[in-house]
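Student: Take a look at the letters that make up each chain.
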Amino acid sequence: MNSQEKPKLIVDGKRLDGRGFDELRPIKIEAGVLKNADGSAYLEWGKNKIFAAVYGPREALPKHTADPEKAVIKCRYSMAPFSSLEEHGRSGPNRRAIEISKVTKEVFENVIMSENFPGTEINIFIEVVQSDGGTRAAGITAAAVALATSGIPMKDLPYAVSAGKIGDHIVIDLNKIEDNYSDADVPIAVSPRTGEILLLQMDGSLTKDEFKEVIAKVKKAGQIISKAQRDALKAPYERISNKYK
Amino acid sequence: MQSINSIKSTYIKELLNNGVRSGRGLFDYRNISVVRGIIPNAEGSAQVDLGSTKVLVGVKLDIDEPMPDKPNEGNIITSAELLPLASADFDTGPPSPEAIELARVVDRGIRAANVIDTASLFVEEGKVWSVFIDIYIMNYDGNLFDASTLASVAALTNTRMPKYEDGNVVREGKLEKLKVNNIVTSCTYAKVGKTIMLDPDGDEESVMDARLTIANDETYIRAMQKGLSGSFKEHEINDLIETSFEKSKDLRSIINKLNSD
Amino acid sequence: MEIVVPGDMILDKPIHMENTFIEDNKTYAAVLGIFDSEKKVLIPLEGLWYPKHGELVVGIIIEERLNSYVVDLNAPYKGILVAKYVRDKLSVGDIIEATVKELDETKTVVLMRERKLYGGKIIDVKPSKVPRIIGRNNTMIKQLTEGTKSTIIVGMNGRIWIKGGDVALTTEAILRIQEEAHTSGLTDRIREMLEKSKKAE
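Residue numbers (numbering that gives the first Met the number 0), protein chains in the order written: chain R, 0 to 244; chain F, 0 to 260; chain L, 0 to 200.
The shape of chain R in the complex, shown without the other chains:
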């Protein structure tokens, strides 16, 4: 695409929404918001609004999907038809949603101690009710909190964020318009305890060194995202404790 046709994403050294290159949009997470689910979380990340819920471990059905050695992890990422600023979306999972469901599932297959629950399934549901870029990263971040509230044992609390390149600059946390017009888009999920990468997708053009910069900036931003997850998990307990001090 002719770069003269693209909107300018960086004006006077700042991004269109006023953020610095390494700056995350505001993140707010609330744990345990849905009563029926075994675990749940609601997350706002910039304009993104996402509900995540977990059911399980429970009997794997249909029976042929069960694994006698461990729990089967199933994931459904879905966007509401009213979630975008543009036209009404179609109902039902499209190919993009199916791919995101798959790579999200693979993040949690890494950290959930599924050998503890052979023959069962663990269902992760991510519903995006409002979207503004970076929803798969936000969904993973919310689902990790939902899983922690379910008591399902995990080796870590993964977080995710989308990084990208705009012109010569590596930037963190692309919103929708940046996602559409950036020169590279890199969603990444990280296991903070080990620093290992659990999700990596990339689209665009990056040099080796630019990629290294991406990882470094992602891990730095990850500290803030991890803290938001942690605070959300502790908050209900602190709230009740404080009431009775």
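Some hints here could point you the wrong way.
[Stated by the list, open to error] Okay, derived cross-link-like pairs now, EDC-like style, lysine to aspartate or glutamate, Cα gap no bigger than 16 Å in a straight line:
hint, chain 1, residue 1, chain 2, residue 2
1, R, 34, F, 48
2, L, 197, L, 165
3, R, 233, L, 179
4, R, 154, L, 7
[Said to hold, decoys possible] To give an idea of the chain R side of the interface with chain L (calculated C-beta under 10 Å), a few residues:
hint, residue
5, 30
6, 154
7, 236
[Stated by the list, open to error] Over the 10 Å line for every Cβ pair with chain F, so calculated as not near, a few chain L residues:
hint, residue
8, 12
9, 66
10, 83
11, 86
12, 112
13, 144
14, 152
15, 164
16, 190
17, 191
Just so you know, these hints were derived from the structure itself, not from any lab.
Heads up, the beta-carbon is just placed ideally off N, CA and C, and yes, glycines get one too.
Using the hints, position chains F and L against chain R.
Tutor: Coordinates of chains F and L only, in the frame set by chain R:
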């Protein structure tokens, strides 16, 4: 085989058979909260919490072709999804008969009450606005009908009308509000044995024999739907119609209060 | 007492504890919980039930097979009662209390010494809150039983059977204990709640 839910609800079933309802009267609503504008990307939106039932409604408008039999009117398209995250009993996949029934009943009430004047959705020949009302059930604890109708109407009362300029839909800038002509609400009743109650919660729905939803405005009954395999006597239905006209006053005032805030 | 999340290191050496895992000779939390460094135990704040031999459970018969009954325990795995050892006449929909014998190869919970429970009401709570509902030396459950005059059977699987007395008050008290389980002074607050209700009669 009886479901776990209904076995666990055997206790309340016995109470209900004797006309005893724990925690509230037979014709009391649970706590209701309505918040509009919760999804700014959508042209209109609202979230209703009815007890623990949580429903989100998003309204979007698009330019469409009119229906062949109504060339000068816009369209209202209502859908409902019983999201799997709302209950262990909801599955993924295409909408179930329950989801379809829910959407069609809510739609009937809104359409019959002329909440929106579909003639005002006409743009030019061959082009009209379609109003998409999407009901998203986020947590199930009974009475999806009343919560969904309330959320749909609340969302419509705060919906922006996009503009259609030079063949483009413009969703930004100063926009007019969608004109709402009338408010409709619904009251849903469950029958357990001989006892009838308003606003059944999840446990009560797991043991109910029959269900009746009555949608009305100030003057008219606008839609009705009886559900499940049990039956109602004629006088029971007449009594419930009376009750609905009475109880709907509170529901309408919730909507009106939103408009005046 | 600090709250830990999955992946937090709780000990610099490898000690086997429930709800934790060991890697590189260090012990890590596997669930959201509070680590009691004195007792060397991770108290889960949310959580699943891991059946142990001898534990009392409350279940619902959901299937009758040729030689056994399948029991719903509100847990990832079902329970099973071998028909020839069953004392009462059982049918689908019955509520029973039973004792955990063992887990078989498919992790089905083999139950023994069942007793049918008649009438009453079932509520399900988080298994991690059961110890608090029972209380140290049964103090909390005794207080509940005396204050409400209900018969209460608490299954370690988080399923509780309540019969007689003030069932609504018992339910309310148990749900409140679940909500405030990790705070101090709870026993006193529940006692106040029960007394206040008595006065209101």
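Student: Against this structure, judge whether each hint is valid.
Tutor: Hints versus structure:
{"no.": "1", "hint": "R:34 with F:48", "result": "12 Å, holds"}
{"no.": "2", "hint": "L:197 with L:165", "result": "10 Å, holds"}
{"no.": "3", "hint": "R:233 with L:179", "result": "14 Å, holds"}
{"no.": "4", "hint": "R:154 with L:7", "result": "9 Å, holds"}
{"no.": "5", "hint": "30", "result": "9 Å, holds"}
{"no.": "6", "hint": "154", "result": "6 Å, holds"}
{"no.": "7", "hint": "236", "result": "6 Å, holds"}
{"no.": "8", "hint": "12", "result": "40 Å, holds"}
{"no.": "9", "hint": "66", "result": "19 Å, holds"}
{"no.": "10", "hint": "83", "result": "24 Å, holds"}
{"no.": "11", "hint": "86", "result": "21 Å, holds"}
{"no.": "12", "hint": "112", "result": "22 Å, holds"}
{"no.": "13", "hint": "144", "result": "18 Å, holds"}
{"no.": "14", "hint": "152", "result": "14 Å, holds"}
{"no.": "15", "hint": "164", "result": "14 Å, holds"}
{"no.": "16", "hint": "190", "result": "23 Å, holds"}
{"no.": "17", "hint": "191", "result": "21 Å, holds"}
The earlier numbered hints are all upheld by this structure, with none contradicted.
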